[in-house]
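Peer 1: Spelled out from the first residue to the last, the chains are:
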Amino acid sequence: MKIRTIRLLAKEGTSNIYKNKLMSFASIMTVVAALFFLGILLLIAINITTNIESMKRDLEVTVFLNVSASAFEREEVVTYIEQQQTAGVVAQYRTESKEQAFENIRSELKNDDLLKGLTVENMPESFYIKLTNPAFSDNFIEKLKTFSGVNADYGIGYDKAELEKLEGFLKIFNFVIMALLVVLMIIAVFLISNTIRLTVFARRREIEIMKYVGALDSFIRWPFIVEGILIGFIGAALSFLLTSQAYTWLQNVLNSILISFRLTTLSILEFGPVALRIFMVYSIFGIIIGGIGSLLSVRKHLNV
Amino acid sequence: MKIRTIRLLAKEGTSNIYKNKLMSFASIMTVVAALFFLGILLLIAINITTNIESMKRDLEVTVFLNVSASAFEREEVVTYIEQQQTAGVVAQYRTESKEQAFENIRSELKNDDLLKGLTVENMPESFYIKLTNPAFSDNFIEKLKTFSGVNADYGIGYDKAELEKLEGFLKIFNFVIMALLVVLMIIAVFLISNTIRLTVFARRREIEIMKYVGALDSFIRWPFIVEGILIGFIGAALSFLLTSQAYTWLQNVLNSILISFRLTTLSILEFGPVALRIFMVYSIFGIIIGGIGSLLSVRKHLNV
Amino acid sequence: MIRFVDTTKIYSNGVVGLKNCTVSVEKGEFVFVIGASGSGKSTFLKLIMHEEVPTEGEVYVNGYSVHNMPRSEIPFLRRSLGVVFQDFRLLPNKTAYDNVAFAMQIVEATPREIRRQVPLALGLVGLSKKAKAYPHQMSGGEQQRVVLARALVNNPAVLIADEPTGNLDPKTSWEIMNLLEEINQRGTTVIVATHEKDIVDTMKKRVIALERGEIKSDEQKGLYFNEN
Amino acid sequence: MIRFVDTTKIYSNGVVGLKNCTVSVEKGEFVFVIGASGSGKSTFLKLIMHEEVPTEGEVYVNGYSVHNMPRSEIPFLRRSLGVVFQDFRLLPNKTAYDNVAFAMQIVEATPREIRRQVPLALGLVGLSKKAKAYPHQMSGGEQQRVVLARALVNNPAVLIADEPTGNLDPKTSWEIMNLLEEINQRGTTVIVATHEKDIVDTMKKRVIALERGEIKSDEQKGLYFNEN
Ligand SMILES: Nc1ncnc2c1ncn2[C@@H]1O[C@H](COP(=O)(O)OP(=O)(O)OP(=O)(O)O)[C@@H](O)[C@H]1O
Ligand SMILES: Nc1ncnc2c1ncn2[C@@H]1O[C@H](COP(=O)(O)OP(=O)(O)OP(=O)(O)O)[C@@H](O)[C@H]1O
Ligand SMILES: [Mg+2]
Ligand SMILES: [Mg+2]
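Protein chains in written order, with this note's numbering: chain V, 1 to 304; chain Z, 1 to 304; chain B, 1 to 228; chain E, 1 to 228.
Honestly, I wouldn't trust all of these hints.
[To be verified] Derived SDA-like pairs (lysine to any residue); straight-line CA-CA distance at most 20 Å:
1. Z:Lys19 <-> B:Pro92
2. Z:Lys130 <-> Z:Lys165
3. B:Lys94 <-> B:Val107
4. E:Lys204 <-> E:Lys94
5. V:Lys11 <-> E:Lys94
6. E:Lys197 <-> B:Thr202
7. Z:Lys160 <-> V:Lys56
8. V:Lys56 <-> Z:Lys130
No wet-lab data here; the hints were simulated from the structure.
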C-alpha cells in the first residue's frame with residue numbers, strides 16, 4: 001500500500017467521524033459511559049484497599065517489660081526497636097511508663113476496691129510498636145521474646161484476630177471488586193463493540209458498494225479502524241475529564257462526611273497522583289476496543 | 001384507530017424483532033448488560049447495609065448490678081428487661097454471674113499480683129442486652145439507671161462511639177452507593193436509548209417511506225413502541241436470569257471466604273426472598289426505557 | 001384539482017428545481033410531464049405530494065393548500081394520491097404482497113378488502129407470481145411494478161408516476177401505460193413524468209414540457225418535445 | 001474475454017435467474033442484452049462481476065474463472081470491469097466528484113491523475129456542474145450519469161452497463177450511447193442491458209436476447225426483439 005493511500009485512508013476515517021455524527025456520538029458516549037463507570041469503581045476500590053491496608057499497618061505490637069526490668073534491659077529493647085526502625089521494619093513506636101500504666105488501669109477499672117493490690121511500682125512498662133508491614137510481625141515478635149527484659153508471660157500482644165479479620169475483609173472486598181471490575185470490563189467491551197457493530201451495520205451498504213467497485217478489504221477496513229481508534233480515544237479523553245470532575249466532587253462530599261463522623265483514620269486519595277495512570281488506562285482501553293471493535297464489525301460485511 | 005389496526009401494529013412490532021435480528025440483539029444485550037450491572041450493585045449494597053445494620057443491632061447495652069444488690073433488686077431489673085423483650089425493644093440478653101466475672105478478670109489480667117484484692121464476692125453481676133434497634137438505646141438506658149440495684153457509677157455501657165462509627169460507615173456507604181446507582185441508572189438509560197436510537201436510525205428510510213405513502217405518525221410509531229417494550233422486557237428477563245445465576249455463584253464463593261476467615265458475624269442474603277422485587281424492578285425499568293426510548297427515537301424521523 | 005401558482009423551488013444548496021411555474025391539472029386529466037434529465041420533473045411531482053415545499057408561490061392539491069399545511073394533514077393529502085416514486089421506495093423488510101397491503105393497512109381497510117385488492121393490483125402489473133418476493137429478490141422492473149401496484153391499490157383520486165417504465169421493456173411499458181389510461185378513463189387524474197418518446201407521441205395526451213425548471217410548453221395532444 | 005459455459009443461476013428462493021447459458025463475448029465487442037423485465041439480464045451481468053456466483057456451469061472473465069475464485073482476487077476482477085449498476089450504488093456520503101474519485105483511489109492513482117481524470121469523466125456525461133452535489137441532491141438521471149462516470153474513469157477493459165439510460169431523456173440517452181460507442185471504438189468491450197428499442201434498432205450491434213433466463217437469440221447487427 002502506498003504512503004499516499006495510507007494518508008488518504010487515515011483522512012477518510014477522520015472525516016467519517018464528522019459525516020456520521022449521530023453514530024460517532026453514540027459510540028463516543030458509550031465509551032465515555034463505560035469507562036467512566038469503570039474508573040469510578042476502580043477509584044473506589046483503590047481507596048478502600050488503601051484504607052484497609054493502612055488499618056492493617058496501624059495494628060500495634062504490644063510488648064510488656066518485666067516489672068523488675070533493669071535500665072540496661074530496657075535499653076536493649078529500645079535499641080533493638082530503633083535499629084529495626086532504621087531498617088524499615090518498624091514504622092513508629094511509643095512507650096507507656098509505669099505511671100501511665102497505673103493511671104490507665106485505674107480509670108479502666110473504676111472500682112477502687114479492685115485496685116487494692118496495685119501500685120505504680122508493680123505496673124509494667126510497655127512499648128506499642130507499629131510495623132511498616134504486618135508480614136514482619138512474626139519475625140519481629142520472635143526476636144523480641146529473646147530479650148531478658150521482656151515479659152514473655154504477658155505475651156507479646158499482636159492482634160492476630162483483628163489482622164485476620166482485616167485481611168478477610170480485604171480478601172472479600174478484593175474478590176468482589178475484582179469480580180465487579182471483570183464483569184464491568186466485559187460489559188464495557190461488549191457495549192462498545194455492540195454500538196460500533198450497529199454503526200457499521202447502518203453503513204453496510206456503503207461497504208458493499210466499495211467492494212462492488214473493486215476496493216480491497218484493507219482499503220475499506222482501515223478508515224473504519226482509524227475511526228474506531230479515534231472514537232475510542234475521544235471517548236477516553238472525555239471520560240477522563242468526567243471522572244476527574246466526579247471524583248473531586250465525591251472526594252469533597254466524603255471528606256465532609258468523614259469529618260462530621262470523626263472517622264479521621266479514614267482518608268480519601270487525591271486524584272492528582274493517579275491521574276496519569278487513569279488516563280493511560282482509559283486511552284489504551286478505548287483505543288483497543290474501538291480499533292478492534294471496528295475491525296471485527298467491518299469484517300462481516302466484506303464478503304460480497 | 002380501529003381494534004384490528006391496533007392488533008396489526010402490535011403484531012408488526014413483534015415480528016420486527018425477528019426481522020431486525022442484529023439490532024434487536026444489540027438492544028436486548030444492552031438492556032441485559034445495564035440491568036445486570038445495576039442489579040449486582042444493588043444486591044451488594046443491600047448486603048452491606050444489612051450487615052452494618054445487624055452489626056449495629058449487635059452492640060450490647062452493658063449493665064452492672066451493685067456488688068451488694070439484693071435478689072429483689074436483681075429481679076426488678078430482669079423483669080424490666082423481659083418486659084421490654086415482650087414489647088419488642090430488647091432482642092435478647094444474657095447475664096454474667098459474679099463467678100464468671102471473676103474468672104474473666106483473672107484470665108484477662110494474667111498477673112496474679114494484680115488480683116490480690118479481688119474475690120468472687122466483690123465482683124458485680126452484669127447483663128448484656130441486645131436491642132432490636134439502636135434508636136431505643138437512650139430511653140432504655142435512662143430507665144435502667146432508675147433501678148436501685150443498678151450500679152450507676154460503673155455507668156451503663158453502650159458503645160456510642162462504635163455505633164457512631166458504624167453509622168458513619170453506613171452513611172458514607174449509602175452515599176457512595178446511591179451516587180453510583182444514580183450514575184449507573186443514568187448511564188443505563190443513556191446506553192439503552194442510545195442503542196435504540198441507532199437501531200431506529202438504521203431504519204429511518206423505512207420510516208420515511210411509510211410517511212411518504214401516507215401513514216399517520218401513530219401508525220408508524222406504535223410498532224416501534226411495542227418493539228421497544230418487548231425488547232425491554234426480554235432484556236429484563238434475561239438479565240434477571242443472569243443476575244440470579246451470578247449472585248448465587250458469588251454468594252457461594254463469598255460464604256466460603258467468610259468461613260475460611262471466620263467472619264461468621266457477616267452473612268450473605270439469599271436471592272430467593274428478593275427475587276420477585278428484583279424481577280419487578282428490572283421489568284419496569286426495561287419496559288419503560290424500551291418504550292420511551294423507541295418513542296423518542298422514532299419521533300425525530302417522522303418529520304417528512 | 002392541482003394548481004401551481006407562480007411556484008418556485010430552490011433547494012438548500014441553491015439549485016433551482018422549479019421556477020415560476022403556473023399550471024393547473026383538472027380532475028380526470030391525463031398529463032405527461034417531460035423534459036431533459038434534471039429539468040425539474042421530479043421536483044414538480046414532489047411538490048404535489050409535499051415531499052418538498054415550495055420556496056415561493058403556491059400549490060393546491062385536492063383542496064389542500066400544500067405550501068402551508070399543518071403537519072397533521074399531510075398524511076391525508078398523500079392518501080388522496082397514489083405515487084410511483086422514481087427511486088421505488090419499497091419497504092425492504094416486506095414482501096411485494098405486504099408492501100402493497102401496507103398502503104391499504106394505513107387507511108384501515110378490512111383484512112377482507114386487503115385480501116381481495118392486493119392480488120388484484122399485483123395481477124394488474126403482471127406480478128402475481130412475485131407476491132412473496134422481497135424487494136432485493138426482484139429485478140428492477142419487477143420492483144417498479146410493485147410500486148405501481150401500491151400506488152393503484154387504494155384507487156386514489158390522483159395517480160402520480162415518476163418514470164414508471166424506466167426499468168421496463170417496451171412491451172411491459174405499453175401494458176403499464178394502457179393500464180394507466182384505463183385507470184384514467186375510470187376517473188382518476190394521472191400525471192406521468194416520462195422519457196418514453198414513443199409512448200408520449202403515440203398516446204396524444206396533454207404534455208407539459210419542462211426546461212431548466214421552467215415550463216417551456218403545455219399542449220393538449222402534445223408530442224415528445226423535440227430538443228433543438 | 002467473457003465466456004459463459006452452460007451457466008445456470010438459481011436464487012436461494014428457487015427462482016431461476018439464468019438457465020443453461022452458453023455464450024461468449026470477445027474483446028472489443030459491443031453487445032446489447034435485451035429481454036423482458038425479469039428475464040435475467042441483470043443476473044447475467046451480476047455473474048460477470050461476481051456479485052452472484054453460478055449455481056452450475058462456468059463463467060470466465062478477463063482470464064479469471066469467476067465460478068470458483070479465491071476471495072482475494074475478486075477486487076482485481078472487478079477493477080478490470082467498469083460497472084453501471086441498475087440501482088446506481090453511489091456512496092451516499094460522497095459528492096459526485098468524490099464518488100468518481102473513489103474508483104481511482106482504490107487503484108492507488110496519483111492525486112494528480114485523479115484531479116485530471118475525474119472532471120474529464122464528469123464532463124463526458126455532462127455533469128461538470130454537479131461535481132459538488134451529493135447523490136440525494138441529484139435527479140435520477142444525474143445519479144445514473146455519475147455511476148457511468150465512475151465506471152469509465154479507470155478505462156476498464158470491459159464496461160458493463162445495466163440499463164444505463166433508464167432514467168434519461170432520449171437526447172441524453174443518445175449522447176450516452178454515442179459515448180459508449182466511442183469508448184468501444186477505443187478498444188473497450190461494452191455490454192449493455194437495455195430496454196431502449198430505438199437505440200438497439202438504430203445502432204445495429206450484436207444483440208443477445210434473453211427469455212425467462214434462457215438465451216433466445218444471439219444476432220450480430222440484431223434488432224430489438226419483437227415479442228411474439
Ligand atoms: N434534494 C435536492 N437538493 C439539491 N438539488 C436537488 C435536489 N433534488 C433535485 N435537485 C436538483 O434539482 C434539479 C431538478 O431535479 P429533478 O429531480 O426535479 O429533475 P428531473 O427532471 O426529475 O430529472 P430526471 O429525469 O433525471 O429524474 C436538478 O438539477 C437536481 O440536481
Ligand atoms: N436476489 C434474488 N433472489 C431471488 N430472486 C431474484 C434475485 N434477483 C433476481 N431474482 C429473480 O430472477 C429473475 C431475473 O432477474 P433479473 O434481475 O436478472 O431480471 P432483469 O432481466 O434484470 O429484469 P429487469 O429488466 O426488470 O431489471 C427475476 O424473476 C427476479 O425476480
Ligand atoms: Mg426525476
Ligand atoms: Mg435488471
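Peer 1: Hints first: check each against the structure and report whether it holds.
Peer 2: Tested hints:
1. Z:Lys19 <-> B:Pro92: 10 Å, holds
2. Z:Lys130 <-> Z:Lys165: Holds: Lys130 (chain Z) and Lys165 (chain Z) sit about 18 Å apart, inside 20 Å.
3. B:Lys94 <-> B:Val107: At roughly 18 Å apart (the allowed maximum being 20 Å), Val107 (chain B) and Lys94 (chain B) satisfy the hint.
4. E:Lys204 <-> E:Lys94: 38 Å, violated
5. V:Lys11 <-> E:Lys94: 14 Å, holds
6. E:Lys197 <-> B:Thr202: Cα-Cα ~15 Å, so holds.
7. Z:Lys160 <-> V:Lys56: Violated, at about 24 Å.
8. V:Lys56 <-> Z:Lys130: 29 Å, violated
Comparing the model with each earlier hint shows violations of hints 4, 7 and 8; every other hint is respected.
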